[in-house]
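Engineer: Each chain is listed here by its residues.
Number of protein chains: 2
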Amino acid sequence: MELERYRILSRMARGLEKAELVFKNANVFFSHTGEFVPCDVAVADGKILGTGTYEGHKEIDLSGRYLCPGFIDSHLHLESTLVTPPELISQAVRWGTTTFIVDPHEAANVSGTDGIDYILEQTETVPANVYVMMPSCVPSTNIDDNGASLTAGKMKNYLENPRILGLGEVMDASSVVEGSVSMHEKLALFHGKVRDGHAPFLSPGDLNAYRMAGITTDHECVDYAYAMEECRRGIQVLIREGSAARNLEAIVKGIVENGTDTEGFCFCTDDKHIEEIQREGHINCNIKKAVKLGLPVEKALKMATIQAARCYGLSHLGAIAPGCQADLVVLSDLESLEILEVYHKGVKIQRDRETEKIPCAPKLKNTVHILNFTKDRLKLSCTSKYAHVIEMTPGQITTLDKREEVPCIEKNGEKEFEPNRLYQKIAVIERHKYTGKMCQGIVKGFGIRGGAIASSVSHDSHNIIVVGDNDEDMYLAVKELVRTQGGYTIAEGGRIFETLPLPVMGLISDAGYEKVHAVLSRMLKKAHEMGIGEGFDPFISLSFLALPVIPEIRITPRGIYLAKEDRMLKSPFDE
Amino acid sequence: MELERYRILSRMARGLEKAELVFKNANVFFSHTGEFVPCDVAVADGKILGTGTYEGHKEIDLSGRYLCPGFIDSHLHLESTLVTPPELISQAVRWGTTTFIVDPHEAANVSGTDGIDYILEQTETVPANVYVMMPSCVPSTNIDDNGASLTAGKMKNYLENPRILGLGEVMDASSVVEGSVSMHEKLALFHGKVRDGHAPFLSPGDLNAYRMAGITTDHECVDYAYAMEECRRGIQVLIREGSAARNLEAIVKGIVENGTDTEGFCFCTDDKHIEEIQREGHINCNIKKAVKLGLPVEKALKMATIQAARCYGLSHLGAIAPGCQADLVVLSDLESLEILEVYHKGVKIQRDRETEKIPCAPKLKNTVHILNFTKDRLKLSCTSKYAHVIEMTPGQITTLDKREEVPCIEKNGEKEFEPNRLYQKIAVIERHKYTGKMCQGIVKGFGIRGGAIASSVSHDSHNIIVVGDNDEDMYLAVKELVRTQGGYTIAEGGRIFETLPLPVMGLISDAGYEKVHAVLSRMLKKAHEMGIGEGFDPFISLSFLALPVIPEIRITPRGIYLAKEDRMLKSPFDE
Chain A
1 MELERYRILS
11 RMARGLEKAE
21 LVFKNANVFF
31 SHTGEFVPCD
41 VAVADGKILG
51 TGTYEGHKEI
61 DLSGRYLCPG
71 FIDSHLHLES
81 TLVTPPELIS
91 QAVRWGTTTF
101 IVDPHEAANV
111 SGTDGIDYIL
121 EQTETVPANV
131 YVMMPSCVPS
141 TNIDDNGASL
151 TAGKMKNYLE
161 NPRILGLGEV
171 MDASSVVEGS
181 VSMHEKLALF
191 HGKVRDGHAP
201 FLSPGDLNAY
211 RMAGITTDHE
221 CVDYAYAMEE
231 CRRGIQVLIR
241 EGSAARNLEA
251 IVKGIVENGT
261 DTEGFCFCTD
271 DKHIEEIQRE
281 GHINCNIKKA
291 VKLGLPVEKA
301 LKMATIQAAR
311 CYGLSHLGAI
321 APGCQADLVV
331 LSDLESLEIL
341 EVYHKGVKIQ
351 RDRETEKIPC
361 APKLKNTVHI
371 LNFTKDRLKL
381 SCTSKYAHVI
391 EMTPGQITTL
401 DKREEVPCIE
411 KNGEKEFEPN
421 RLYQKIAVIE
431 RHKYTGKMCQ
441 GIVKGFGIRG
451 GAIASSVSHD
461 SHNIIVVGDN
471 DEDMYLAVKE
481 LVRTQGGYTI
491 AEGGRIFETL
501 PLPVMGLISD
511 AGYEKVHAVL
521 SRMLKKAHEM
531 GIGEGFDPFI
541 SLSFLALPVI
551 PEIRITPRGI
561 YLAKEDRMLK
571 SPFDE
Chain B
1 MELERYRILS
11 RMARGLEKAE
21 LVFKNANVFF
31 SHTGEFVPCD
41 VAVADGKILG
51 TGTYEGHKEI
61 DLSGRYLCPG
71 FIDSHLHLES
81 TLVTPPELIS
91 QAVRWGTTTF
101 IVDPHEAANV
111 SGTDGIDYIL
121 EQTETVPANV
131 YVMMPSCVPS
141 TNIDDNGASL
151 TAGKMKNYLE
161 NPRILGLGEV
171 MDASSVVEGS
181 VSMHEKLALF
191 HGKVRDGHAP
201 FLSPGDLNAY
211 RMAGITTDHE
221 CVDYAYAMEE
231 CRRGIQVLIR
241 EGSAARNLEA
251 IVKGIVENGT
261 DTEGFCFCTD
271 DKHIEEIQRE
281 GHINCNIKKA
291 VKLGLPVEKA
301 LKMATIQAAR
311 CYGLSHLGAI
321 APGCQADLVV
331 LSDLESLEIL
341 EVYHKGVKIQ
351 RDRETEKIPC
361 APKLKNTVHI
371 LNFTKDRLKL
381 SCTSKYAHVI
391 EMTPGQITTL
401 DKREEVPCIE
411 KNGEKEFEPN
421 RLYQKIAVIE
431 RHKYTGKMCQ
441 GIVKGFGIRG
451 GAIASSVSHD
461 SHNIIVVGDN
471 DEDMYLAVKE
481 LVRTQGGYTI
491 AEGGRIFETL
501 PLPVMGLISD
511 AGYEKVHAVL
521 SRMLKKAHEM
531 GIGEGFDPFI
541 SLSFLALPVI
551 PEIRITPRGI
561 YLAKEDRMLK
571 SPFDE
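Residue numbers (full-length UniProt numbering), protein chains in the order written: chain A, 1 to 575; chain B, 1 to 575.
Just so you know, the hints here were simulated from the structure itself, not pulled from any lab data. C-beta atoms are modelled at their ideal positions from N, C-alpha and C, and glycine is treated no differently. Any given hint might turn out to be false.
Below, a sample of chain A positions facing chain B; criterion: calculated Cβ distance under 7 angstroms [to be verified]:
1. R14
2. G50
3. G179
4. P204
5. G323
From just these sequences and the hints, can you work out the full model?
Structural biologist: Given below as structure tokens:
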């Protein structure tokens, strides 16, 4: 702050002059002490001047209301929900989340540093604070074919950026504890900054070695006992409650039952879809659920504010304290915790405010680069009696590796796999670097009939993944995604039914949430008509089938991957 | 950590190889969760490798014992206790304090950056972690005549020193809130680092403005209500329990009675004399007293460890967590909290270890520079009937400004003040820069008869201060301190009774604690024989009589200072 300006603000803080804006008679949540105290809050220049008794040029009476610091989502991915970052944020901020600590892992896997720059640019002027953790595992594994490698060398340019807080979720725990050079280069680069973890199910000794490498957070914790193992070691547990992964109940129940010290916990969403945010809220949901489970509201609010701010070194956030940013949430009461108003830097968030459209670099809309893809290459020769089949597990992203006799027919003197109601064909086609790599496999339990579904969203490398019961429609679907440079598509009976283009890196639509929602609804309806089970989202399910780190069997452009055995097959018919 | 070394330590942490040192079967205090959990602690290279079940090349069985992180004194002055920094620390570390956050305010007032360098050098190799806060108010006020001015420009060279954590106690609150250029230059220089406060009794508005300037700690808080005012504003309260100022009971009682969240509190000693440390302990005393007042031991231990570490950004301290420094305290039990053993970087503190003697720069032993001082200049002419008298307040450092008729006699045709049993003469003589400035005054309640007492320790500028009932002895005493280049001395009947030389900056003896203690005991005995009341330390009392910020009346080389009126008199006989 300029000294001259400080002098003016100091006079306001001291009550010698009227403040710009005063919230009168609020029950103010002091996050440092975890108390509500009735008083006024003075604001100017988007900052808190002080608490006490104040007069302002503008006064807002909050008698009977509760005023809290804005909430912090301590870990999330912005690009997982099909809309642009400003759209997602404009929804979430209405629910009181004013700070987002994002890991642009998907964007980086497609477009490397351009993807990170995209996230930084798109969030520069949103009415919220967006900080970025540098994705640590791009590519995710050494068997991935993704769009870019993010080495420590490439990360260096970001060190001075004040919005880059540290290193993103370090998923490759074994590289950490084994002391891999490239991993430790990245860890060393972010020495003195936050290094986020991703460490479910490590043994106590491995967790010690992982923590010793400097990793101090984890958002993958799913139960109370493991959460305590992490907390004791000084690993902050970011309790996750998103669309898919919901860990809050298990952890908070344990906290409540054991009267646990809650300093070691924060809240995050990791991945939460925009429609759910719109319907039920964002970090305010974590707070509400925690309170419902018996956590005192003061402790839940500390997790959502000061504890996250402290964990990420954001000393100007998370508190209604002099000098802190005036990010504020007005709550109706402490039972319903209804969000009445949200302020960012002292400015009220307008619910009907149109979301900013920030153009993106043209190269980010040109990321689907496929070589030598022909319908013929979708053929799958039956080279033995049994095949490794990817069996879907309902409601889970894990799969089962089954060796089964699958339907084969003779075509032009060759035995070929022939999909039926039970077994469908699946293929993954490398789409970043014209490598021409692709692989076909067999999936059981997907259920599609009379067509194909394809997507350019497939974790973490985001190659084209397609599933269907006939090569013609599968071929059409893949070609359609080349045309639209990414998206979701359904082909049926030799023609494209409908496509949701996701032209930004093949991950994000810039057509606006309403449009996305309308198209997606029609496509999901159609997918279910084509045999996909109700309560089963084919696009989300597809998006995980190429993720090699999840057990038991996956499909990648290099072949069928057996995760438990760490073994790659060229064909599902290989032993 | 070098990667190669990490790999080896990682194998130990994972239990794949024996650790260097294992503490077996301890009740380990996990400061992040505030719990004791029985387990082993593995150590190598002075670091914690992990907690769990371990085997070690060396194993120490701690069955039935309690193992805690080393304690942190979050604010203290090393130079206030007459012995060298290594001596003080070697006493305190035996009681479990392994980290000291020191403010070399006195050293800087005498010798500027040389004084700060002295503290840094003397503590470089002690068996403890010593961090330094840059003294912010040198000189303390603009009416002080001290040895050096510490401007932001001079502080710049220290910014990169990893042992300099920030700006020391900012006593001049009014310069802060009024926006003084030189004060804000210093505050700005330490932006992003810790800026310690010193803010007793600010109004709520001033406290807001003070906090808005970036100040985030205070150790001057004396009651619970004010502590909460500070905590709510994000000012960490360092609960002080030293030799003179004892604030713990008032604050902790409030915490216990109100069930207050204790995250916003740490412990400090500020000033604690070596004999008291030797007798009763150091930060362990704060812990014990707090527990006795009803604070759960876990909360007290958090204040003494992780909370202080967090407050000062010392992420490698304050916890028994992988990667943290192996500073450890073994406690007998949770009732007596007896300190059995202390480890610094995994090495046991030997109680009989001889304190290191680190030579100091010769210029630091040559700091008493007096000009034109003659016995004649001690004469005090009675220019009016009434004089401003400095009345001592028993047990307090405050004084009362009394206008009284004092004894005067005629000598050589002039009326002169003549000390008696009630009124004695006092003088302060500038001793840093040969300015020749000096002033005489009248003190009531000091009680010395038949001699004089002089000291080169007088806060904050540390000029020579002398009190006596005759000019001859006063003159002798001052000359003696010039000869010894600082110290305490007593003159009686025309000769020096004894002197405790404090040759290092006129503040510190390098003769060793035993010697200091022996000399000081003889001198105190003598002082009491000469009329000083029992339970009254003439040297400590003298040391505060030149401190202009304390009400009501002080003596400085420039004159008699009336603190309430902010007015300087050339002579006590002025109106």
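Engineer: Would you mind marking each hint as holding or not holding in the structure?
Structural biologist: Now for the hints, and whether the structure bears them out:
no.: 1; hint: R14; verdict: holds (4 angstroms)
no.: 2; hint: G50; verdict: holds (3 angstroms)
no.: 3; hint: G179; verdict: holds (4 angstroms)
no.: 4; hint: P204; verdict: holds (4 angstroms)
no.: 5; hint: G323; verdict: holds (4 angstroms)
In this structure, none of the earlier numbered hints is contradicted; all agree with it.
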